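A.B. asks: Read top to bottom, the protein sequences are chains A and B. In terms of full-length UniProt numbering, the first sequence is residues 1 to 414. In terms of full-length UniProt numbering, the second sequence is residues 1 to 414.
It is worth saying that the hints were derived from the structure and are not from the lab. In this text, all values refer to a predicted model and were calculated from it rather than measured experimentally. Please note: incorrect hints may appear among the correct ones.
Which copy is meant is left open, so a pair is good if it fits within one copy or across any two.
[Stated by the list, open to error] Under the rule of at most 30 Å between Cα atoms (straight-line distance), these lysine-lysine pairs were calculated in the BS3-like manner: (1) Lys16 to Lys309; (2) Lys54 to Lys69; (3) Lys163 to Lys309; (4) Lys69 to Lys16; (5) Lys109 to Lys163.
Number of protein chains: 2
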Amino acid sequence: MSDVRRKTEAARTASKRLATAPAEEKNTALETIARTLREEQDSILECNSEDLRKGEEAGISPALADRLKLTETRLEEMARGLEELTRLPDPVGEVMERTERENGLRIEKVRVPLGVIGMIYEARPNVTVDAAGLALKTGNAVVLRGSSSAYRSNARLVEIIRKSLALTPLPRDAVQLVEDPDREAVREMLHSNGRIDVIIPRGGAGLIQRVVRESTVPVLETGVGNCHIYVDRSADPEMAGRIVLNGKTDRPAVCNAVETLLIHREWADHHLHELGEALLTAGVEIRGCPRTRDRFSRAVPAHDTDWEKEYLDRILAVRVVDSLNEAMEHIDRYGTRHSEAIVTEDAEAARRFLQEVDAAAVYHNASTRFTDGSQFGFGAEIGISTQKLHARGPMGLKELTSCKYRVLGSGQVR
Amino acid sequence: MSDVRRKTEAARTASKRLATAPAEEKNTALETIARTLREEQDSILECNSEDLRKGEEAGISPALADRLKLTETRLEEMARGLEELTRLPDPVGEVMERTERENGLRIEKVRVPLGVIGMIYEARPNVTVDAAGLALKTGNAVVLRGSSSAYRSNARLVEIIRKSLALTPLPRDAVQLVEDPDREAVREMLHSNGRIDVIIPRGGAGLIQRVVRESTVPVLETGVGNCHIYVDRSADPEMAGRIVLNGKTDRPAVCNAVETLLIHREWADHHLHELGEALLTAGVEIRGCPRTRDRFSRAVPAHDTDWEKEYLDRILAVRVVDSLNEAMEHIDRYGTRHSEAIVTEDAEAARRFLQEVDAAAVYHNASTRFTDGSQFGFGAEIGISTQKLHARGPMGLKELTSCKYRVLGSGQVR
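With the rest of the complex left out, here is chain A (with noise of 0.2 Å):
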């Protein structure tokens, strides 16, 4: 039996007992794994020096190195974010609906956890503790699958939850990390229909393709995001340039940042030149198209593939448009459906955008920088979904789970 069909059945055991797990013992169990991420810090930080050392050694990218780097204060995050888990509300048990049938038969809607997650993503250790945490506290079972640069962190990691998870009544079979990190176990994860009920990939754009496109298990499409900001014919100034200044600098590398800045013409002739200079001021790049140029020489040419790409890096596409209409039009054709802000001091142009342009999150003057679950008020988040199906945006506690009808009768049959 190969490592992956034996981690997925041996969640899929575990999955029945913690769906059926009282909070508090969800709840002891996140305490026991922060407490103890605490007392082996040391072992983890050693364990993730080695794999900086090995990625060194293979002429990672320092980005790559920076997001693969554990601290002490991002493992007292990790730990910390833990322990607020314990304060949300458990969603599993909630009565959603509930209704009473003429025949007499006693209908509820009851939430209860999805089952067994399996997550497959890239670098960040901290997505091992953050997933297996959302997973526990949600009554699910959870078969990780990190990159290889990240292997012994990970694999520490997963020691340490496993082993606290030993100190409780819950299985620790809950919390499963495939071994071998190559591209089979991942292929065999997609697979793995009825041991694994949904699979989340977070990392690139090719990882989240090649998931999307190759797994019969259902999926949870998250994070590529090519949001524009447009800045229409009556945007406040100063506004507008604050807007895209916070989409595009504050933290280029997330999903979230704006990538193409759409602009009225009107508004062009008399701000473009200004905004330009403060977003050169700020390290950005700007690629713009030939009437961005006409109004601001210090932009350099964009080509057709700039409207598709999301840099996650300070570029920044820019284009003139005539109208709303040409905006939303260009939004349809490149967006990826993740999140899209107009500027404008005009209600009805805001009404429009809202309505009219299909995105996870679409935002009347604020940045594209608040999808996020945190910002959200959702206090935790395992991904932004970028689909229809299931889950939009940022993805809380409710939406690990599901649903099931428990109907109660006195004998009817139809």
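Dock chain B against chain A, hints included.
C.D. replies: Positioned in the frame of chain A, the structure of chain B alone reads:
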């Protein structure tokens, strides 16, 4: 450009108009279609006769011919179904959640259509009208692919629907029928990511498994039901008999019919013989485990494969078990997570069964036949989901929607 490509693109374009269509426009369209169906009754029945004649030439089974056949009554039911949809509330635009954050951002979670639904189904031409009606009501476009045996009937029905739409402000391209009903068209639909948002297969296990295996578009898996009734030690004999007979014989060919009966040994000692006779009288073949046959010699032997079968016929597998746990283990191993029932007077046994059995619908002292949108009070149903993601159990109007977050700011940045 292929037929599927052209039609999915036309549907995608139409879906944008539909997404913002007011409830009255959608209801008027449904009424117009219902009226035209009645007016065009003769031409529809003529096309259907042609399908039936070709089918008989090709030697289709009487059961398939019955599913394929349209009558005045069935057409009238289809028209009434559309009219009933107009009386249900429009789910689109509903504000599901609303919060105001400390920074003043107002966040609204709003219900929106899914976009474009792909339906792949077999035989029954009423699905053509039902699916188009449900899609239009929920602001979705739909791409239909029925079976070749019903092609003329489906083509005529879709022609009438599109002709009716042309009399309303809604785009006729909202309803599309894939012309060439070959397997290549299905393959293309299953890979129409970006043009189809969800695929719903309706039909036999073979069709559904093919769709789940091949589709890169998210799938709502429907229907396969290997349903069980467990008659517990303390079950009321009269009630148990009534529920078992109803579950098996009311409509054996549907997914919520019971396929395997599990009986506690002690109940079997006293009542199995009588129940067996009643089932035989009702024309049911009983395939029993050795302990069943010890108690009821007219049962034929069950083979291991019988526990996995969805007979969809007047055949019932029967197994005697020693305990509730053994019954639940059997269901966990062989069930398809559709509908599972316990008959018992023991409240604790009922509580455990309802909590621990993993299925879309779990019943205490009622027939599995109730798993159905209209029985649950949903007013309409597009199928019964046996997956855990997005929708579980009978899927009504809400299950054909997604959501988006509308974020209203006054210049907020992070």
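A.B. asks: Each hint needs a verdict: does it hold in this structure or not?
C.D. replies: Hints and how they fare:
1. Lys16 to Lys309: Result: close only across copies, 24 Å inter versus 43 Å intra.
2. Lys54 to Lys69: Close inside one copy (12 Å), not across copies (68 Å); limit 30 Å.
3. Lys163 to Lys309: Answer is neither; intra-copy 43 Å and inter-copy 42 Å both fail.
4. Lys69 to Lys16: neither (35 Å within a copy, 45 Å between copies)
5. Lys109 to Lys163: Classified as neither: same-chain Cα gap 35 Å, cross-chain 40 Å, threshold 30 Å.
In summary, the numbered hints that this structure violates are 3, 4 and 5.
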